[in-house]
Amino acid sequence: MATELKVAWGPRKDNVYLGKEITRLDGVEKASGAAKYAADANPKGCLYAKVLSFKGGAGKVKSLNLDDALKVPGVKAVHAFVKEGDELQWDGALVAAVAAERQEQAEDGVRAIKFTFDTMEHFVDEDDLKGAEAAKRTKDLGNNTKGDVEAALKSAAVVHKGQYGIATISHMCLETHGSCTRWEEGKLIVNHSTQNVSGTPANFVSELQKQHNISVDAADVTVLCQFVGGGFGSKFAADDWGVAAAKMSKETGRPVRLMLDRATELKIAGTRPSGFAEVTIAADKDGKIVAWDSHHWGTNGGMKGGTINLAQFPYVFDFDNRNRKATGLVTNAGPDRAWRAPPHPQLCALTDTAIDDIAAKLGKSAVDVFLANIDKTPEKLQATYVAEIKRAAELIGWSKKWHPHGKGGDGDVKRGLGMAIHTWGGRAHAGTCTVRINPDGSVESLSGTQDIGTGTRTAIAMVLAETFGITLDAVKVRYGSSVYPRSGPSGGSTTIGGVTGPNRRAAIAALGKLFDVVAEKHKVDGNNLTAKGGKIWNGDKEVCTWKAACGLLGMMGIETTGEGPKDDGLTSEQVGGVQMADVSVDTKTGIVRINQFVAVQDCGLIVDLLTAKSQVYGGLIMGIAYSLTEEQILDNKTGRYINADLENYKLPRIGDIGELIVEMYQPDSEYERGVIGLGEPPVIACGAAISNAVANATGVRVPTIPLTPKRVLDALKAAKA
Amino acid sequence: MRDPREETIPNANGSGFNRRDFLRGSGAAVAVTALATSDQGATAQDAKKANVASAKAQDVTLNVNGKEHKLSLEPRVTLLDTLRDDLNLTGCKDVCDTTNCGACTVLIDGKPTYACSRLAHECVGKKVTTIESLAANDPVVAGFVKHDAQQCGFCTPGFVMATKAFCDKNPGATLAQVRAGLGGNICRCGTYVGITACAMELVTKKGGK
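Residue numbers (the working numbering), protein chains in the order written: chain R, 1 to 721; chain A, 1001 to 1209.
Simulated from the structure, these hints should not be mistaken for lab results.
Where hints are given, some of them may not hold.
[What the hints assert, rightly or not] Chain A is faced by these chain R residues, among others (derived, beta-carbon under 10 Å):
no.: 1; residue: Lys30
no.: 2; residue: Ser32
no.: 3; residue: Gly229
no.: 4; residue: Gly455
no.: 5; residue: Tyr484
no.: 6; residue: Lys613
no.: 7; residue: Tyr617
no.: 8; residue: Ile624
no.: 9; residue: Leu651
no.: 10; residue: Ile654
no.: 11; residue: Gly655
no.: 12; residue: Leu660
Only a predicted model underlies this, so the values are computations on that prediction, with no experimental measurement involved.
Glycine is no exception: its CB is placed at the ideal position from the N, C-alpha and C atoms.
Given only the sequences and the hints, what does the whole structure look like? Please build it.
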């Protein structure tokens, strides 16, 4: 009788690896500089390419001549992204590329390009709705109504009107977008900085055909990416520059490495849209919100005229009476790309700030008002939110530290508390994998996934080691190549479920086959066998070692495949999460400092507790960045992105983050939910939590995030006037 | 959040000449012109400081990780590009190219230095140490792994070099000193908590010696 093993996670208490703090398997490679990224690819004969990008708000190409660039010593290939008459719609738009023997020669080549353009009208002032309307740069994105807002407003105990905003930011991947391309016997090989190893070959094929009439079979394109230096949602495609590299590579018969320069990276390779809103919010005397009326606007750049989602606003909460309306701004800013949890950070920053203001108006603590309205959040999350709010409040000492808004102390430096909540799906993406048990006892997993820094490789190894009862070092995880079984793109917190589900399924299937062989040899029932501690057990009796069991296999060993997602309980979706900030605001300088920042986060079954916590720490730090310092600054006059470098695009450094306290919410009920993604959630509530803490400290709402010293001082001044 | 080390790190050759001053306000093209002029003896002093006499590629010998490398480089080539493209030592990363982020941190005569802030020709006669010289069991590397002080890993080698230099020099440092001392590097994924824990452990151990 064939062994039939149930597909499920084992009892939590029996786990050797799952849920424990396991250091990442590629940690030494990365920390010792041995890890090779696309930017590090340097095959023999490699040419280095640089781009010429447009410097202006908007323009039309008058002339473009690359002849002189080709004459520059060392230059081997040039490429024009545009032709005469083409419109360049934003600062940083690609004009041309030059590939040369050395980087500095490529720069010489770029300087030798003859390029002229006619200036066109531009519009980049994204917080100015009236100006946008006057310039005919708006797009009606609809509205809808639920209940009777007017009646609810009339009967409410308090009504608050506020304006809120959150600026556009750039992804700022430390490894800029780009690739190193080479052709070998008609086949294209690309070291690509990507979050989408399996999906990119087809993109190269279609774009090479469309843009350059170069035909290559998808089967003859290999995309490689073992390590990627940050993506955050912006690295899913072949991209025009990758395609240009492949084309110049074909022309020259040489490998070409084209990584965007820092300024172009910031301008065109990914931005998170802005969001602004006018909100009227009303509550009864107990703090229950009875009405919501909002008009929000913003831009996703790229002349697309979109804004953040109408349907998800207000965020997490859905009040009985609400109006909502959205307007998109058509701006000459580089196009948006998905940025960690799109568009939740914006929605949260525009919703939970308004809730905090109505709480303040009632003289109530935000914790009490959020709790009073938890029944308006998704039903399956309500108990989680209540537990997480209570725990976060304990961790930050809310009841001891809290004071009404504006009572943050008598000195110049005021202290305050703020909170916000969030949600995210995190359902596993579609993916397959192959699992092998070799006759020598070693184990392999193969899949075309990628490790974007989240610990994918470690998680896969943990699942196989757990399933087979062997040590981590006996597991070899192969990933980061499109020749392996296809796996989904790493976006939207879908990877951890997308790889652990298929690997667990494939491993259980493989284990069943191994048990068949062991059962036959040792005359036992395969269904009674378990694999633990490097041995095969029949109940509590040792049958043989893992190695001996594998030795029974023929030369072919065992190979199985796993797929996902499936409804077998291995993975699921939707998490909550609560964050609370304790800040100090210097009212003389406008500087905001984080004292403590608490996150309590659920994510179903935690695979690796160490890397899970790292995700949350990282989310908080990125959150501090976009809450306090980080933003894309476009100059209204010239339309140019004026802080597209690491000096003026302000990111926090190691001393700027205060004390971070992370607690994973992990009762058994969470374990039973199966694996859910964690990359997006911890970065969502930061903006609102920090803004609310500043409002609590000073008694003044600084309307727009990031809360730069100037914005803080302006708000304090306006409040005094 | 200006890089505090920008003001405080002495120039490696003590001459007050570095790439930043050299290129300030001019751009590389003008820099080349300046050097071309020096070829004719017009700015001999600059040429002496820079240890070069022509804009054309010239032979240099660089001591990197204890090994001598003979290279032919134009004077304008940075140490960073030389290490990465010519010597294939890609642990130091090209992230900002404007001496802001520390991802290209190497040691020059033991001092942590942004490799993008130095011309290769300036480093003749100096000892350049890159992350590749560290053993896999180096305590700083091990500490980064233990404390999960990395995510995407792109800033990590630079941070490891900065941490190594800081901890070697500052046993017994306080948390505030660690935060100030490692303020010259930037991480985007947000790994500062792990890096701080790692550095604190290292300075505490060394302080206890």
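Quick rundown of the hints versus the structure:
1. Lys30: holds, 3 Å
2. Ser32: holds, 5 Å
3. Gly229: holds, 3 Å
4. Gly455: Holds, because the Cβ-Cβ distance from R/Gly455 to chain A comes to roughly 8 Å (cut-off 10 Å).
5. Tyr484: Violated, about 21 Å.
6. Lys613: Since the shortest Cβ distance to chain A is 8 Å, the answer is holds.
7. Tyr617: Where the cut-off is 10 Å and the nearest Cβ of chain A is about 5 Å from R/Tyr617, the hint holds.
8. Ile624: holds, 8 Å
9. Leu651: Holds. Min distance 5 Å.
10. Ile654: holds, 5 Å
11. Gly655: This interface hint holds because 3 Å falls under the 10 Å limit.
12. Leu660: Result: holds, 6 Å to nearest chain A Cβ.
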